[in-house]
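*Asks:* If you want the building blocks of each chain, they are given just below.
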Amino acid sequence: MEHITLLIGIVIITALVFDFTNGFHDTANAMATTISTGALGPRTAVAMSAVLNLVGAFLSVEVAKTISGGIIDEGSGIRPEVIFAGLVGAILWNLLTWLAGLPSSSSHALFGGLIGATLVSVGMDGVNSDKIVMKVLIPAVAAPIVAGVAAMVATRLTYRLARGRDDQETAKGYRAGQIASAALVSLAHGTNDAQKTMGVITLALITGGALAPDSDPPLWVIVSAGLAIALGTYLGGWRIIRTMGKGITDIQPPQGFAAQTGAATVILASSHIGFALSTTQVCSGSVMGAGLGRKGGVVRWSTAGRMVLAWVLTLPAAGLVAGGAALLADQGNWGVTAVAVIAVAACAAIWAASRRKPVDHTNVNEVETVPAEPVGVVTAAIQAVAPPPAGPVAAAAGPVAAVSSTPSATPAGASAATGSTS
Amino acid sequence: MSIDWAALGQVFGVSLAVTVGFVGVFTLGILGTSRKAQPAEAGPGATSTTPGASATAGAALGPARLGAYACFALCAAAVAYGINLIVA
Chain A
-14 MEHITLLIGI
-4 VIITALVFDF
6 TNGFHDTANA
16 MATTISTGAL
26 GPRTAVAMSA
36 VLNLVGAFLS
46 VEVAKTISGG
56 IIDEGSGIRP
66 EVIFAGLVGA
76 ILWNLLTWLA
86 GLPSSSSHAL
96 FGGLIGATLV
106 SVGMDGVNSD
116 KIVMKVLIPA
126 VAAPIVAGVA
136 AMVATRLTYR
146 LARGRDDQET
156 AKGYRAGQIA
166 SAALVSLAHG
176 TNDAQKTMGV
186 ITLALITGGA
196 LAPDSDPPLW
206 VIVSAGLAIA
216 LGTYLGGWRI
226 IRTMGKGITD
236 IQPPQGFAAQ
246 TGAATVILAS
256 SHIGFALSTT
266 QVCSGSVMGA
276 GLGRKGGVVR
286 WSTAGRMVLA
296 WVLTLPAAGL
306 VAGGAALLAD
316 QGNWGVTAVA
326 VIAVAACAAI
336 WAASRRKPVD
346 HTNVNEVETV
356 PAEPVGVVTA
366 AIQAVAPPPA
376 GPVAAAAGPV
386 AAVSSTPSAT
396 PAGASAATGS
406 TS
Chain B
19 MSIDWAALGQ
29 VFGVSLAVTV
39 GFVGVFTLGI
49 LGTSRKAQPA
59 EAGPGATSTT
69 PGASATAGAA
79 LGPARLGAYA
89 CFALCAAAVA
99 YGINLIVA
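These protein sequence lines map, in sequence, to chains A and B. Quick note on this note's numbering: the first sequence kicks off at -14 and runs consecutively. Quick note on this note's numbering: the second sequence kicks off at 19 and runs consecutively.
Rather than coming from a laboratory, the hints here were simulated on the basis of the structure. Check before you lean on any hint, since a few could be wrong.
[Stated by the list, open to error] Straight-line distance between alpha carbons at most 20 Å, and here's what the computed SDA-like set of lysine to any residue pairs gives:
1) A/Lys157 with B/Gly42
2) A/Lys157 with B/Ala86
3) A/Lys120 with B/Gly27
4) A/Lys280 with B/Gly50
5) A/Lys157 with B/Cys89
6) A/Lys116 with B/Trp23
7) A/Lys157 with B/Gln28
8) A/Lys116 with B/Leu26
9) A/Lys157 with B/Ala24
10) A/Lys120 with B/Phe30
11) A/Lys120 with B/Gly85
12) A/Lys120 with A/Asp110
13) A/Lys120 with B/Trp23
14) A/Lys157 with B/Ala94
15) A/Lys116 with B/Ala25
16) A/Lys157 with B/Gly85
17) A/Lys120 with B/Ala25
18) A/Lys157 with B/Gly27
19) A/Lys120 with B/Leu26
20) A/Lys157 with B/Val97
21) A/Lys157 with B/Gly50
22) A/Lys157 with B/Tyr87
23) A/Lys120 with B/Ala24
Just so it is clear, the structure is predicted and the values come from calculations on it, not from any experiment.
Throw the hints in and build the complete structure from the sequences for me.
*Replies:* See the structure below:
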């Protein structure tokens, strides 16, 4: 790292910002059902997940190497501008799906962004299309099915075995089991996703000539990537947590345990056997499976459908934004500056839009009942993929949820008050 | 382009077996450490006998409780193996 140009510096910062969005986007994977079943309090849950992500980031550097030389052809003239444009595409898509409260794959956003930027800037030669199908498309279809079936069968089994037992008493055991499974998911997430960012930063350093090809990520890269993802995880993507914990189906302790165990198992099995599956899709699939496995359980297919639509759109949408950014960034220094300014403005706009109807640790377990406010520019753009205001099913479930979380609840005000005092 | 069906099938099979096995064993552990639900129709007259009943149930639970701890130990070993997979 003797000589790092301004451009490389910008790329590194952008990569860390992406890592941060990755963290708060994916907190839901490990902690959404843990929070909605009451196994852990919202803040405890995200804090535990953050620590485990940080620990996971230090455990190995194997995944970091698959980014470079995998989907993007390292030797085909990728320049830092291209990586920068790809990251901008991925960040913006992550923020948009977060605003809509949809769990979509951060890895797909990253791949989509890098692919889009490479296509525009280098051409078809820079992308290995076989690898896209193998590493992105097939796993995206397989992940929810594998995890869903496993979680569904496990849910059926546990309900059958525990028939006739006191719910209150078994719930304690289920919650404890769920915490263990959620911890495994968090740890696995840290080893996987923090390393993707390390891989990108290393790739940028290599293309900029600051590192020799095929080097391992330097220590400062590992530390900063780990910290960025942990910070993002700790702040928590409460919107997505609410969708996964409450929006798709109503999760009870046995279901939460089965879903989380299924997710942890599938993630570990897939990474160990060598057929990588996306964490987000595995976790969403297992939540749906657990919803189907309980008698009388309801999966809200409209929410699930929007989620699947977001999955399908992730790769092309991030690619499109990144392609546009690459076109601009290729114009030289003023182009890169313009992309950076536009990206910051867009992030600010999305954040401002999110403040209109904030979701945080105080109201994460409430189901939305208020219909949408007057439609703004950004909300209009994402309305096609936004989860609907809760229908009759959610309304029926609402009082139950409110009673179980805060006994003396007049819903919104009371739980907000307890949240701020604790 | 070739899809690695064998690996995918393996992931599916292993995931299904381990998830169902883990959840099953853990549930057995929960069964061993929890009591049966009190029947709701046991009226107010039945409450006086409850202490004695639960005491005998507690004695009978000895081996069940031991089995339950074995189940939990098995699950803890599985979690440890999982951590080992992540670290390795």
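*Asks:* Now tell me if each hint is right for this structure.
*Replies:* Hint-by-hint comparison with the structure:
1. For the suggested pair A/Lys157 and B/Gly42, the alpha carbons sit about 16 Å apart, so the restraint of at most 20 Å is met.
2. Taking the CA atoms of A/Lys157 and B/Ala86, the gap is near 15 Å; set against the 20 Å cutoff, the hint holds.
3. For the hint pairing A/Lys120 with B/Gly27, the CA-to-CA distance comes to about 16 Å; that is within 20 Å, so the pair holds.
4. Taken as a hint, the A/Lys280 and B/Gly50 pair is broken in the structure, with Cα atoms around 24 Å apart against an allowance of 20 Å.
5. A distance of roughly 16 Å separates the Cα atoms of A/Lys157 and B/Cys89; the hinted pair therefore holds under the 20 Å criterion.
6. Under the criterion of a C-alpha separation no larger than 20 Å, the hint pairing A/Lys116 with B/Trp23 is consistent with the structure, at around 15 Å.
7. Between A/Lys157 and B/Gln28 the CA atoms are separated by roughly 33 Å; this puts the pair beyond 20 Å, and the hint is violated.
8. Among the hinted pairs, A/Lys116 with B/Leu26 is consistent with the structure: their alpha-carbon atoms are about 16 Å apart, no more than 20 Å.
9. The straight-line distance between the Cα atoms of A/Lys157 and B/Ala24 is roughly 39 Å, outside the 20 Å bound, and the hint therefore fails.
10. As the CA atoms of A/Lys120 and B/Phe30 are separated by approximately 17 Å, the hinted pair is consistent with the 20 Å bound.
11. With a C-alpha separation of about 43 Å, the suggested pair A/Lys120 and B/Gly85 falls outside the 20 Å cut-off, and the hint is violated.
12. For the hint pairing A/Lys120 with A/Asp110, the CA-to-CA distance comes to about 18 Å; that is within 20 Å, so the pair holds.
13. Our distance criterion of 20 Å between C-alpha atoms is met by A/Lys120 and B/Trp23, whose separation comes to about 13 Å.
14. Between the alpha carbons of A/Lys157 and B/Ala94 the distance comes to roughly 17 Å, so the proposed pair stays at or under 20 Å and holds.
15. Restraint check: the Cα-Cα separation between A/Lys116 and B/Ala25 comes to about 16 Å, which is no more than 20 Å; the hinted pair holds.
16. Between A/Lys157 and B/Gly85 the CA atoms are separated by roughly 18 Å; this keeps the pair inside 20 Å, and the hint holds.
17. With a CA separation close to 13 Å, the supplied pair A/Lys120 and B/Ala25 stays within the 20 Å bound.
18. With a C-alpha separation of about 35 Å, the suggested pair A/Lys157 and B/Gly27 falls outside the 20 Å cut-off, and the hint is violated.
19. Restraint check: the Cα-Cα separation between A/Lys120 and B/Leu26 comes to about 12 Å, which is no more than 20 Å; the hinted pair holds.
20. Distance check on the hinted pair: A/Lys157 and B/Val97 sit about 18 Å apart at the alpha-carbon level, within 20 Å; holds.
21. About 13 Å separates the Cα atoms of A/Lys157 and B/Gly50, which keeps this hinted pair within 20 Å; it holds.
22. A distance of roughly 15 Å separates the Cα atoms of A/Lys157 and B/Tyr87; the hinted pair therefore holds under the 20 Å criterion.
23. Distance check on the hinted pair: A/Lys120 and B/Ala24 sit about 15 Å apart at the alpha-carbon level, within 20 Å; holds.
Hints 4, 7, 9, 11 and 18 from the earlier list are contradicted by this structure; the remaining hints agree with it.
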